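Number of protein chains: 2
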Amino acid sequence: MQHWEYSQYYGNAPIYARTGGKNPIAYDVKNHQITIKDIARELNISKSTVSRALTGHPSVKSETRKAILELAEQLDYQRNMMSISLITNKSYTIGIVVPEFITSFFPQVVVGAQEEAAKAGYNVLVSQSNDDYATEVANTKVMLANRVDGIMVSISKETRNFDHLKIFQRKGIPIVFFNRVCDEMAVPKVVIDDYDAAYHAVEHLVLSGRKRIAHLAGPEVLAISRKRLNGYIDALKKHQIPVSDDLVIPYDLNLSKVKIYIKHLMGLENPPDALFAVNDPTAIESMRVIKELGLRIPEDIAIVGFGNNYGSDFIEPGLTTVNQPVKEIGKTAMTLLLGLIDKDTAQWRAVTKTLDTELIIRGSTIKQELPQSKR
Amino acid sequence: MQHWEYSQYYGNAPIYARTGGKNPIAYDVKNHQITIKDIARELNISKSTVSRALTGHPSVKSETRKAILELAEQLDYQRNMMSISLITNKSYTIGIVVPEFITSFFPQVVVGAQEEAAKAGYNVLVSQSNDDYATEVANTKVMLANRVDGIMVSISKETRNFDHLKIFQRKGIPIVFFNRVCDEMAVPKVVIDDYDAAYHAVEHLVLSGRKRIAHLAGPEVLAISRKRLNGYIDALKKHQIPVSDDLVIPYDLNLSKVKIYIKHLMGLENPPDALFAVNDPTAIESMRVIKELGLRIPEDIAIVGFGNNYGSDFIEPGLTTVNQPVKEIGKTAMTLLLGLIDKDTAQWRAVTKTLDTELIIRGSTIKQELPQSKR
DNA sequence: TTGCTCAACACAAACGTTTCCGTAACTTTT
DNA sequence: AAAAGTTACGGAAACGTTTGTGTTGAGCAA
Chain D
0 MQHWEYSQYY GNAPIYARTG GKNPIAYDVK NHQITIKDIA RELNISKSTV
50 SRALTGHPSV KSETRKAILE LAEQLDYQRN MMSISLITNK SYTIGIVVPE
100 FITSFFPQVV VGAQEEAAKA GYNVLVSQSN DDYATEVANT KVMLANRVDG
150 IMVSISKETR NFDHLKIFQR KGIPIVFFNR VCDEMAVPKV VIDDYDAAYH
200 AVEHLVLSGR KRIAHLAGPE VLAISRKRLN GYIDALKKHQ IPVSDDLVIP
250 YDLNLSKVKI YIKHLMGLEN PPDALFAVND PTAIESMRVI KELGLRIPED
300 IAIVGFGNNY GSDFIEPGLT TVNQPVKEIG KTAMTLLLGL IDKDTAQWRA
350 VTKTLDTELI IRGSTIKQEL PQSKR
Chain L
0 MQHWEYSQYY GNAPIYARTG GKNPIAYDVK NHQITIKDIA RELNISKSTV
50 SRALTGHPSV KSETRKAILE LAEQLDYQRN MMSISLITNK SYTIGIVVPE
100 FITSFFPQVV VGAQEEAAKA GYNVLVSQSN DDYATEVANT KVMLANRVDG
150 IMVSISKETR NFDHLKIFQR KGIPIVFFNR VCDEMAVPKV VIDDYDAAYH
200 AVEHLVLSGR KRIAHLAGPE VLAISRKRLN GYIDALKKHQ IPVSDDLVIP
250 YDLNLSKVKI YIKHLMGLEN PPDALFAVND PTAIESMRVI KELGLRIPED
300 IAIVGFGNNY GSDFIEPGLT TVNQPVKEIG KTAMTLLLGL IDKDTAQWRA
350 VTKTLDTELI IRGSTIKQEL PQSKR
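Each protein sequence line maps, in turn, to chains D and L.
Quick note on numbering that gives the first Met the number 0: the first sequence kicks off at 0 and runs consecutively.
Quick note on numbering that gives the first Met the number 0: the second sequence kicks off at 0 and runs consecutively.
Derived from the structure by calculation, the hints contain no laboratory data.
Errors might be hidden in some of the hints.
Claimed, not checked - Computed list of lysine to aspartate or glutamate pairs in DMTMM-like fashion (alpha-carbon distance at most 25 Å, straight line):
1. 140(D) to 41(L)
2. 165(D) to 298(L)
3. 326(L) to 251(D)
4. 118(D) to 99(L)
5. 258(L) to 312(D)
6. 290(D) to 69(L)
7. 326(D) to 69(L)
8. 140(L) to 312(D)
Said to hold, decoys possible - Label-pair ranges, simulated between beta-carbon atoms:
9. 341(D) to 355(L): 35 to 43 Å
10. 251(D) to 326(L): 19 to 27 Å
11. 184(L) to 195(D): 51 to 59 Å
12. 326(L) to 62(D): 38 to 46 Å
Bear in mind that the values here come from a model prediction, so they are computed numbers and not experimental data.
Quick reminder that beta carbons are idealized off the backbone N, C-alpha and C, glycines included.
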């Protein structure tokens, strides 16, 4: 939209529209939006000149430009993005599709993404699906109708069919996946190395002496669940610890079920001495149940989470967990996406960016000398 | 937009565009968006008929309508909201302006709001300002340029000037405030009774025997801070407890400063035996510092927070706090807002909806018989 | 003077819809 | 059978911009 050296009109607007002096303009402020036509009429020039002045086109005399910009400010003119989008076939809007907004993860990603988008003059249309497939599909339709210039998506835990996302590919609208990606689509992705992170988390449990390590896994349909599970399995194998099916429970991330699973696990004749949870909410809920059972953490059972969510530092004991660079994920995905827009689709490359994680060791796995709660 | 009995076109789209049989249509799928013109040409009818069929206008023969809808599905047609907005002067978009996305509060509000909006066929443009005034102003400009049909806003902690919001009033775009409202603007608001909630929270401390109750207050520029402070003061007065300036510390909600204040308070020659924090993050951070100092909660000092944020239930001891109906706030505000759209501005009433709160009593104020961490 | 370039602007088409108005072909009423 | 009404559709204007092309007059070299 901007090809010239003059800056676009983004001036601050005064509260009351008025002209300088002798020639007050009477608009019905309530319902008449100021358009370039109003400015043109007022200044006795053509719409095109006004448009060029506002967008910074060079071929407009500086005094004309000045008069236009001043009047625009006075009238509190705001560009109508609808018509601009219509004619330029660009909406300057990026869609972000996330499965939930409850944990701090996705909101934080959105913050990072929005920051990058704003720098480039784009705004974002956020929609969350409550981890519901039908809602996710409906949300992507909205994105299409609103002609987003690209979408960033993390799929719901129910999503097995990707037709609603492939439409974007066919229409030449760039997609970038993050976190929960779709393996069968060859588009850019921003992830962390879930396998590696899980491997090291479990290895940490092994190295601290645990032998029977349980895993509350995520739904198998999500790639991140499978990767974390594989990291778990390989870490055990590496250290010659048998992988027992009894100790691996995939579930649908519905927290209310955690209680059942934990009770089941701790009721086994040979209960686990450690638990690797697929994410922090699961780990935290597990800790609650375990405390309820009167068991000690980490003495009776050590816990490792995944995500370093809000709260994992102040729960007691502190939760050992995998830290992911949340905001960075959002920024990276958005940067990748913006790089695809306006670029020939033939040049798109399905890169996968893998961001670094870090195992944060806290009291849920290693007894720590914390300040006592007694003096 | 919809006045007739037939449903609008929102059909599910197949992945590959194709016509039934003998007459395949060759469109450059990549860059040509399907328009009603394409459908009209293919069927040898006029754009107006196609438009009417898609919007559900009654005066189109059912077989014609059927053919149009079928072709639209096959071609994967999606309405271009830009042109619709342009002609109807409605964007079907609601702007939501929030100060932050870190605590769970605002994301939750957005979820509630989005749910209501979706029901009415609106989508939302969310923007968070990082509690920065300039960003908030920039964000509202974006909302204007995008011709939102209304905005829901909770102001930043820095906002003292409301010109950027008054513009909406002048342009006849409805505003609804929630949580952090602007007192000087007569528009609908959705709040909780901060005064009353704070009063009861503090009274709870008094009734449990505390005499020296400190208050880590929010910035005075925010009405919610002042109201909570007043509730605190009046509860003390009611019970003949002197209000001591030493024990009231207003701060800018920058959590890194909490440590200083707590150390200061606990270092007083006559330290407080209770703390009322302006919000949960403040309370939780205070608890961390207090534990670090080797003090016991609630024996040495009782803590009350505000908000019932994520984590306040599993921190130890559990945080006594004021629960607010978060999702309900979002839903109520959105419902109020949607009610104003398309209604004559003369009929707008600046109602203030006050939602109920509830004091949740946990271990941070009352020693509770919790299951021990030892067996 | 003539011809040319160039700055500065005007004119008009275009983007994809909606919607008012018009009209032909039927259908019903008289 | 003529008049009136109805059904189903086409034509065209309009929304607020951007942008390619046309036009005007000034400045300058020949």
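Should the hint that residue 184(L) and residue 195(D) are 51 to 59 Å apart at their CB atoms be regarded as holding? 53 Å, holds
Proposed proximity, residue 69(L) with residue 326(D) (alpha carbon, max 25 Å): With a Cα-Cα distance of about 44 Å, the restraint between residue 326(D) and residue 69(L) is violated, given a limit of 25 Å.
Proposed proximity, residue 298(L) with residue 165(D) (alpha carbon, max 25 Å): Not OK: residue 165(D) and residue 298(L) at ~60 Å, beyond 25 Å, violated.
With the threshold set at 25 Å, check whether the alpha-carbon distance from residue 140(L) to residue 312(D) stays at or below it. 38 Å, violated
Holds or violated: residue 258(L) to residue 312(D), with C-alpha atoms at most 25 Å apart: 16 Å, holds
Is it true that the C-beta distance of residue 341(D) to residue 355(L) lies inside 35 to 43 Å, as the hint says? 51 Å, violated
Assuming the hint says 19 to 27 Å, is it satisfied by the Cβ distance from residue 251(D) to residue 326(L) or not? Given range 19 to 27 Å: holds, Cβ gap about 22 Å.
Assuming the hint says 38 to 46 Å, is it satisfied by the Cβ distance from residue 326(L) to residue 62(D) or not? 55 Å, violated
Does residue 69(L) sit within 25 Å of residue 290(D), going by the straight-line distance between their CA atoms? With Cα atoms ~59 Å apart, residue 290(D) and residue 69(L) exceed 25 Å; violated.
Checking one constraint from the list: CA of residue 140(D) to CA of residue 41(L), max 25 Å. Satisfied? 24 Å, holds
Given the hint that residue 326(L) pairs with residue 251(D), test it: the Cα-Cα distance must not exceed 25 Å. It holds: about 23 Å lies between the C-alpha atoms, which stays within 25 Å.
Against the 25 Å threshold, does the CA-CA distance of residue 118(D) and residue 99(L) hold or violate the hint? Status holds; Cα separation ~18 Å.
Checked against the numbered hints given earlier, the structure breaks hints 2, 6, 7, 8, 9, 12 and satisfies all the rest.
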